[in-house]
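Here is what each chain is made of, one letter per residue.
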Amino acid sequence: MTDAPLLEMTDIHIEGRTGDDWVPIIKGVDLTLQRGEVLGLIGESGAGKSTLGLAAMGFTRDGCRISGGKVMFDGIDLLASSVGTRRDLRGSRIAYVAQSAAASFNPAHRLIDQYTETPVVHGVMPRAEAEADAVELYRRMQLPNPEEIGFRYPHQVSGGQLQRAMTAMAMACRPDLIIFDEPTTALDVTTQIEVLSAIRDIVAQFDTAAIYITHDLAVVAQMADRIKVLLRGDEVEEAPTREMLAAPKEDYTKTLWAVRSHQRAVQPAARGVPLVELRGITAGYGRVPVLKDVSFEIHKRRTVAVVGESGSGKSTAARVLTGLLVPSAGEVLFEGEPLPPDFRKRSREQLRQAQMIYQSADTSLNPKLRLRALIGRPAQMYLGLQGAALDERVRHLLNLIELEPDEYIDRLPSELSGGQKQRVGIARALAAEPKFIICDEVTSALDQIVAEGILNLLDRLQAEFDLAYMFITHDIATVRAIADDVVVMQSGKVVEQGEKADVLSPPHDPYTELLLSSVPEMDPDWLTRLLKERADIADG
Amino acid sequence: MTFLWILVGLACLGLSAVVLGWLFRFPLVALTRGELRRAMRGAPLMASFGMLVILIYAAVALLAPVLAPYAEREVIGAQYLPWGEGHLLGTDNLGRDMLTRLIYGARNTVGIALATTALAFSIGALLGLWAAAVGGWVDTVLSRIVDALMAIPALIFSLLLLTIFGTSIINMILVIAAIDSTRVFRLSRSVAQGIVVMDYIEAARLRGETMWRLITREILPNAMAPLVAEFGLRFCFVFLMISSLSFLGLGIKPPTADWGSMVRENATLISYGDITPLLPAGAIALLTVAVNFVVDWQLHRASGLKD
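If you read the sequences in order, they're chains A and B.
To convert, take the position in the first sequence, counting from 1, and add 1; that gives this note's numbering.
To convert, take the position in the second sequence, counting from 1, and add 208; that gives this note's numbering.
Hints were generated in silico from the structure; no laboratory data involved.
Hints may be right or wrong, so weigh each one.
[Said to hold, decoys possible] Some chain A residues judged to face chain B by a derived CB distance under 7 Å, without partners named:
#  : residue
1  : T323
2  : F344
3  : R349
4  : Q351
5  : L352
6  : Y359
7  : T364
8  : L366
9  : N367
10 : R371
[Claimed, not checked] So, partial list: chain B residues that the calculated Cβ filter (under 7 Å) puts toward chain A:
#  : residue
11 : A411
12 : L414
13 : N430
14 : P434
For every residue, glycine included, the Cβ atom is placed at its ideal position computed from N, Cα and C.
With the hints as extra help, turn the sequences into a complete structure.
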């Protein structure tokens with residue numbers, strides 16, 4: 002082994018095209034990586050993490066160009082080398098693991114066919130050998146039935162398993178460097194642990210160097226030897242993980258650390274008639290019940306967090322509440338009065354009282370309507386506002402969500418950032434002047450700083466308008482930050498419910514325990530410790 | 209040698225189209241404001257040429273009595289006179305002025321085609337969007353009816369219906385619109401099916417929006433791009449359908465001037481190497497091409513492929 006670094010990027014400048022102009026995305030960043038070392042790249046969205054990660058392969062996305070700097074990979078100048086040289090390196094010596102494995106696999110081919118393609122094309126090993134190797138790596142990635150899983154199609158495998166299969170695929174040619182681009186962002190906390198530990202083990206076993214891109218500090222703390230913080234294309238600071246966690250130097254890094262500190266003031270205990278109540282709800286699609294005898298209450302001015310992994314029935318509960326799904330048993334009560342199970346039979350007043358904010362602002366805002374119409378419509382419909390009064394109301398709502406009315410009122414959703422779109426979703430819900438809002442994973446598509454802003458906003462609006470929230474989430478950190486009461490759901494049943502302090506402190510139901518312990522902590526030893534604890538329990 | 213001349217002729221045509229398009233863009237930009245103006249400035253040359261042609265057709269159709277040298281049905285001389293003084297494009301099989309007939313033909317043929325396409329789209333798109341939005345048995349019943357109607361070849365079916373109900377202009381418009389609306393139905397239904405599953409449609413339903421508003425405000429704007437493209441194509445097909453019906457003698461009745469029947473009436477001249485009967489056919493072809501230039505541009509814009 003030589004002392005020369007495996008990857009050395011010096012003074013990298015990358016520009017992106019907007020219209021006729023080239024706008025800088027990366028403004029002179031240096032990056033050095035030794036063999037077998039894991040570097041964590043963090044920063045909020047738009048900081049240029051992925052762009053820099055791709056540049057390590059000498060690659061840019063469409064509409065971007067590397068305008069300056071040098072990328073040396075093991076003595077080869079990637080930017081000066083021919084397309085052929087780069088093509089030979091990619092896949093065989095440098096590999097890439099994308100954020101969404103589900104979208105990155107070709108749905109028309111079996112996993113193992115996609116696995117063997119790279120080694121066969123690069124002439125590393127013949128197909129039969131590659132297949133045997135795939136099974137071996139699937140085993141090391143702790144995939145169930147490693148002998149068979151490769152012969153399934155991507156849709157027949159769960160998201161966490163796909164992400165591991167993709168990591169195995171990246172390992173196929175035993176590359177010197179792997180770039181992980183947010184590999185666990187789309188996963189549940191419980192699944193995330195499996196993927197993280199599998200990635201960590203395999204990277205250590207083969208002494209592979211890695212660049213780990215994420216916006217989740219706790220995750221990067223588990224994975225990386227060193228951390229580099231990016232802000233708007235500039236490096237903020239770089240330090241060994243433990244050093245940075247213990248004593249961040251720059252102000253920006255400190256704010257990143259502080260993000261998780263949002264704390265909600267303790268609210269007075271609930272009493273009286275609940276605002277919304279689900280009583281003995283059993284519901285499902287077709288004959289399979291998704292919800293089994295679910296009951297919980299939501300009181301005025303309180304936030305109830307409904308937690309569970311995907312498939313636990315959280316969103317189905319919201320659909321029953323809104324009347325989109327008619328339950329086969331049980332009833333929904335609003336202020337003690339039963340609501341008609343089908344939303345079409347509910348009165349306009351009943352519809353007005355319960356509003357919903359969706360997970361994806363991209364699909365929940367009509368892309369052809371301007372904010373004036375998007376936000377104004379509920380106010381026009383329910384409150385009968387017209388003309389100047391309506392305009393006034395929309396402007397007021399835009400002010401509430403901290404968007405400058407004159408600038409934003411005539412914009413289309415496509416002209417907003419992700420966080421701004423979600424704010425518009427909130428304004429639309431508020432426009433109806435409801436008493437109760439369902440928030441369905443409203444922050445899970447946003448990065449932490451933006452999500453924090455949304456949570457603060459929701460919190461402020463709750464106090465201002467006496468709102469009750471039902472907050473559906475799989476993120477325990479969000480629950481800690483905003484909930485008064487917690488309902489834990491698993492496979493269609495309520496496992497545990499009560500006030501936040503009671504549910505989140507021991508003794509726990511085993512499932513709640515699993516959920517809680519799976520939330521990554523800032524401590525770099527957390528994952529090692531957790532896996533050891535779980536192994537000890539399994540051994541008895 | 210002839211082949212070469214045809215090539216040169218086509219090249220000249222193409223070049224003059226580009227030049228005309230380029231020239232026409234100046235008044236377009238000058239006469240529009242705001243967002244429309246920005247759109248006009250970015251319009252490709254072929255699109256502005258298309259707009260120019262459509263504008264000319266519209267002007268000719270509207271101002272037919274002013275522009276035409278004679279009345280629509282006036283006999284001005286002998287049959288099949290050659291091009292010359294007093295009858296620029298010659299006379300037809302009854303001795304009527306060809307140019308006059310061409311000008312009035314624009315009014316009749318284009319007007320009827322436009323009315324028919326608009327009607328077909330109103331019926332087809334509304335029913336298609338409605339079927340997708342409501343689903344269930346409404347969707348099933350409508351779709352099966354449309355399937356049954358589409359199983360019969362369009363031209364034969366329209367001949368049949370026109371024979372039953374009698375040939376009048378109103379009947380022809382209704383029959384062609386009904387047959388064409390089945391195609392529009394299929395398209396708009398499948399487009400809308402992709403839209404009705406979006407969260408914003410769910411949000412609108414939960415808000416308690418009426419079906420009419422749901423369709424016109426939430427679904428239709430998002431289905432516009434493929435519908436606009438289809439409108440351009442349909443318009444041309446309807447045009448050709450009316451012309452072929454007229455050619456067969458079931459469309460627009462003589463003595464009303466119509467491009468389709470003009471080709472038929474004067475077809476004998478073709479045997480003598482005279483291109484006059486092909487002029488109405490050329491008029492149809494030019495409009496078809498022009499409409500599609502504009503539609504392609506609109507489609508490009510609506511689909512968000514801005515550059």
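These are the hints, each one checked on the structure:
{"no.": "1", "hint": "T323", "result": "holds, 6 Å"}
{"no.": "2", "hint": "F344", "result": "holds, 6 Å"}
{"no.": "3", "hint": "R349", "result": "holds, 5 Å"}
{"no.": "4", "hint": "Q351", "result": "violated, 9 Å"}
{"no.": "5", "hint": "L352", "result": "holds, 5 Å"}
{"no.": "6", "hint": "Y359", "result": "holds, 5 Å"}
{"no.": "7", "hint": "T364", "result": "holds, 4 Å"}
{"no.": "8", "hint": "L366", "result": "holds, 6 Å"}
{"no.": "9", "hint": "N367", "result": "holds, 4 Å"}
{"no.": "10", "hint": "R371", "result": "violated, 11 Å"}
{"no.": "11", "hint": "A411", "result": "holds, 6 Å"}
{"no.": "12", "hint": "L414", "result": "holds, 6 Å"}
{"no.": "13", "hint": "N430", "result": "holds, 6 Å"}
{"no.": "14", "hint": "P434", "result": "violated, 14 Å"}
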